Amino acid sequence: MNKKFVTEYIEKRSKALSSKEAEELRDKLYNLKKTAIDNLDEYVKKAKSSLEKNGCHVYLAKSNQEAIEELKKIIGDEKYIVKSKSNTINKLKIDEKLKAEIVETDTGDFIAALAGKKDPHPVIPALSLTEKEISKAIKEKLSKDVEPKAEKIVEFVRNYLREKMLSAKVGLTGANVITTQGQIVILENEGNISIISHVPEKHIVVAGIDKIVKDMDEANKVVKAAAVWGTGQDWPNYVNVISGPSKTGDIQNIHIEGAHGAQEVHVILIENDKYEVAKGKYKDKLFCINCGACYDLCPVYNAIGQIPKPSDFERNYKCTLCSNCALNCPVKIDRQSNFRNNRKDFNKLEKIPQANKKMIENVRKYGNPFGEIKDGDTPKELYCC
Amino acid sequence: MFILDKIFKGNTLYYPGCLTKFVGKDIEKNYKELLKKAGVDFVVLPDLEKCCGSPVKNAGFEDDFKKLAADNLKIFKDHSIKRIITNCPACYKMLSQDYPKVLGQEWDIEIRHFTEFILEAVNKGKMKLPKYDNLKVTYHDPCHLGKQSDIYDQPREILKMMNINLVEMQLNKKNSFCCGGGGGLQSNNPELADKVAKQRIEQASDVDAQIIITPCTLCDMHMKRNGKDGGVSVFEFSELLVNAEKVRKAIKR
Numbered sequence: 001m002n003k004k005f006v007t008e009y010i011e012k013r014s015k016a017l018s019s020k021e022a023e024e025l026r027d028k029l030y031n032l033k034k035t036a037i038d039n040l041d042e043y044v045k046k047a048k049s050s051l052e053k054n055g056c057h058v059y060l061a062k063s064n065q066e067a068i069e070e071l072k073k074i075i076g077d078e079k080y081i082v083k084s085k086s087n088t089i090n091k092l093k094i095d096e097k098l099k100a101e102i103v104e105t106d107t108g109d110f111i112a113a114l115a116g117k118k119d120p121h122p123v124i125p126a127l128s129l130t131e132k133e134i135s136k137a138i139k140e141k142l143s144k145d146v147e148p149k150a151e152k153i154v155e156f157v158r159n160y161l162r163e164k165m166l167s168a169k170v171g172l173t174g175a176n177v178i179t180t181q182g183q184i185v186i187l188e189n190e191g192n193i194s195i196i197s198h199v200p201e202k203h204i205v206v207a208g209i210d211k212i213v214k215d216m217d218e219a220n221k222v223v224k225a226a227a228v229w230g231t232g233q234d235w236p237n238y239v240n241v242i243s244g245p246s247k248t249g250d251i252q253n254i255h256i257e258g259a260h261g262a263q264e265v266h267v268i269l270i271e272n273d274k275y276e277v278a279k280g281k282y283k284d285k286l287f288c289i290n291c292g293a294c295y296d297l298c299p300v301y302n303a304i305g306q307i308p309k310p311s312d313f314e315r316n317y318k319c320t321l322c323s324n325c326a327l328n329c330p331v332k333i334d335r336q337s338n339f340r341n342n343r344k345d346f347n348k349l350e351k352i353p354q355a356n357k358k359m360i361e362n363v364r365k366y367g368n369p370f371g372e373i374k375d376g377d378t379p380k381e382l383y384c385c
Numbered sequence: 001m002f003i004l005d006k007i008f009k010g011n012t013l014y015y016p017g018c019l020t021k022f023v024g025k026d027i028e029k030n031y032k033e034l035l036k037k038a039g040v041d042f043v044v045l046p047d048l049e050k051c052c053g054s055p056v057k058n059a060g061f062e063d064d065f066k067k068l069a070a071d072n073l074k075i076f077k078d079h080s081i082k083r084i085i086t087n088c089p090a091c092y093k094m095l096s097q098d099y100p101k102v103l104g105q106e107w108d109i110e111i112r113h114f115t116e117f118i119l120e121a122v123n124k125g126k127m128k129l130p131k132y133d134n135l136k137v138t139y140h141d142p143c144h145l146g147k148q149s150d151i152y153d154q155p156r157e158i159l160k161m162m163n164i165n166l167v168e169m170q171l172n173k174k175n176s177f178c179c180g181g182g183g184g185l186q187s188n189n190p191e192l193a194d195k196v197a198k199q200r201i202e203q204a205s206d207v208d209a210q211i212i213i214t215p216c217t218l219c220d221m222h223m224k225r226n227g228k229d230g231g232v233s234v235f236e237f238s239e240l241l242v243n244a245e246k247v248r249k250a251i252k253r
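Chains A and B, in that order, give the protein sequences.
1 is the number of the first residue of the first sequence in the numbering used here; add one for each residue after it.
1 is the number of the first residue of the second sequence in the numbering used here; add one for each residue after it.
Mixed in with the good hints there might be a few duds.
What the hints assert, rightly or not - From the structure, some residues in chain A lie toward chain B, with a derived Cβ separation under 7 Å:
id: 1; residue: 156
id: 2; residue: 165
id: 3; residue: 166
id: 4; residue: 167
id: 5; residue: 282
id: 6; residue: 305
id: 7; residue: 307
id: 8; residue: 320
id: 9; residue: 322
id: 10; residue: 380
Claimed, not checked - Example chain A residues on the side facing chain B (calculated, C-beta under 7 Å, incomplete):
id: 11; residue: 5
id: 12; residue: 7
id: 13; residue: 249
id: 14; residue: 251
id: 15; residue: 252
To be verified - DEER-style ranges, computed between Cβ atoms:
id: 16; chain 1: A; residue 1: 154; chain 2: B; residue 2: 110; range: 55 to 63 Å
id: 17; chain 1: A; residue 1: 281; chain 2: B; residue 2: 37; range: 28 to 36 Å
id: 18; chain 1: A; residue 1: 376; chain 2: B; residue 2: 48; range: 26 to 34 Å
Because the hints were derived from the structure by calculation, they are not lab data.
Given the structure is predicted, the values throughout are model-derived calculations rather than measurements.
Ideal Cβ positions, reconstructed from N, Cα and C, are used throughout, including at glycine.
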């Protein structure tokens, strides 16, 4: 467990927002995300039409596979593309499926890829790597000697990636928020996203349809929460708001697309099972803004580096139901109830862990979880708790 | 007068919870003694009352949970129970928050956690507390009692009244970490449950606490088992109140 990280995170977060403000923001976020998910179809249609009006190319991909096919078409024969951190893109496994080389430009992602050890934390992929381990990985993979100090490592990464980012023809990013009015919002601290979304000729955005909210007013609330709950910051260093390809009308008021920024903006919106989930009892999963707060305070994640997952049979029963994730979620996803409801679903399919089977048999027969207990006896096997 | 009082006010039930009743028998004894010391006229229904349903609900057997709640309601009504005092945080959470949800207005029984009860009794002069001058203690918030029921201050106040030097772990109150014993983890994933417990105990060592105190039989048993080799001793809340000599001896070791 990285105790320093957890305690510093809590401290920073409480300074960034008072608990009263935090509660108010949570309520607002819950409501705006709920409205968005309840009207998902309408939000997707509006966002697509607005983005197209702004000059973006928009693709609705039914699945990850369809998204990859679109990516292939847009990337064409490019030798390499520069990419920012994105949990949606991670799920596409593009490094296996695209011919082009993928250059990770997020410092954490870059380091994690070099070291071959990626932490599942959605915001801090190199969380579990020490300075020494990182320095060693750079030596092994890139044959460069870098002093094992954070400052020196960052300097090396910056210099190493700068040329690649400036000469790339395609920049690939995720999005934190997309609005029905046609804005793409991407937040960051490092500045790599500002570069790769602006400098290469083509900027490709890949995002789930659940990222759509109504307008910039709502988007700002998500940005605030992602900063506060994600890293304990008051506001991210950079908030990129992109409404379409760069353009100018400076010459005779003639509209020309492609000035200094990206000449083409491609937006791939992935559906997967999200329309179905949006109608079901686990729809609050789609409220997630990927801040990672549930990881930071999860005792199980801190103990073993993996967070329990409600819908996964094995990983569900690794949860102690302590409720830290639910109480620390900025969009109030009730993971606590989701864990129980998924267990209910598993029970119906007769997928029941052995101990729980014994426990429920005992409760039904004897009114307690331990079984038949004769006067003064103490049960040895505790099927409960 | 006394009889009439009972008829109108109903009975007070001490509900220890299954784990305390069947396994943590010394703890049950302690709490009964505390009730007697405070002059409370209480009843127990060890053979009639059923499991509160916490492990049942946690394991996803919602229908069984509802049935247990209804069964317990009937048993309690049959015995004119108007107030329940429990030491078990999981039972407390179920009886005070989840029973009203499934039983509605029919559930009109007052639920008190033992730490609330003790604080009241001490403040009214009905109970005396032993003193532990200079003992450095950290308090572990049971998940069901702390962040799930908002009882943070009462147990801490009691500790301070015993002249205890209360030190907080860095992760405390609403940010406190689970001991790893709950949610079925001990039965379904014992190795992981132990890892989580050791992680919590280490947090107590970090602040140089001599003992960890917690008002939860489950947390207590789980951390005791996992803290054997460490420098921190674990005690259940009632042990501090009833077994002062035992606690002092354990610390001198």
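Does the structure break any of the earlier hints, and which numbers would those be?
-> 1, 2, 3, 4, 5, 6, 7, 10, 11, 13, 14, 15, 17 and 18
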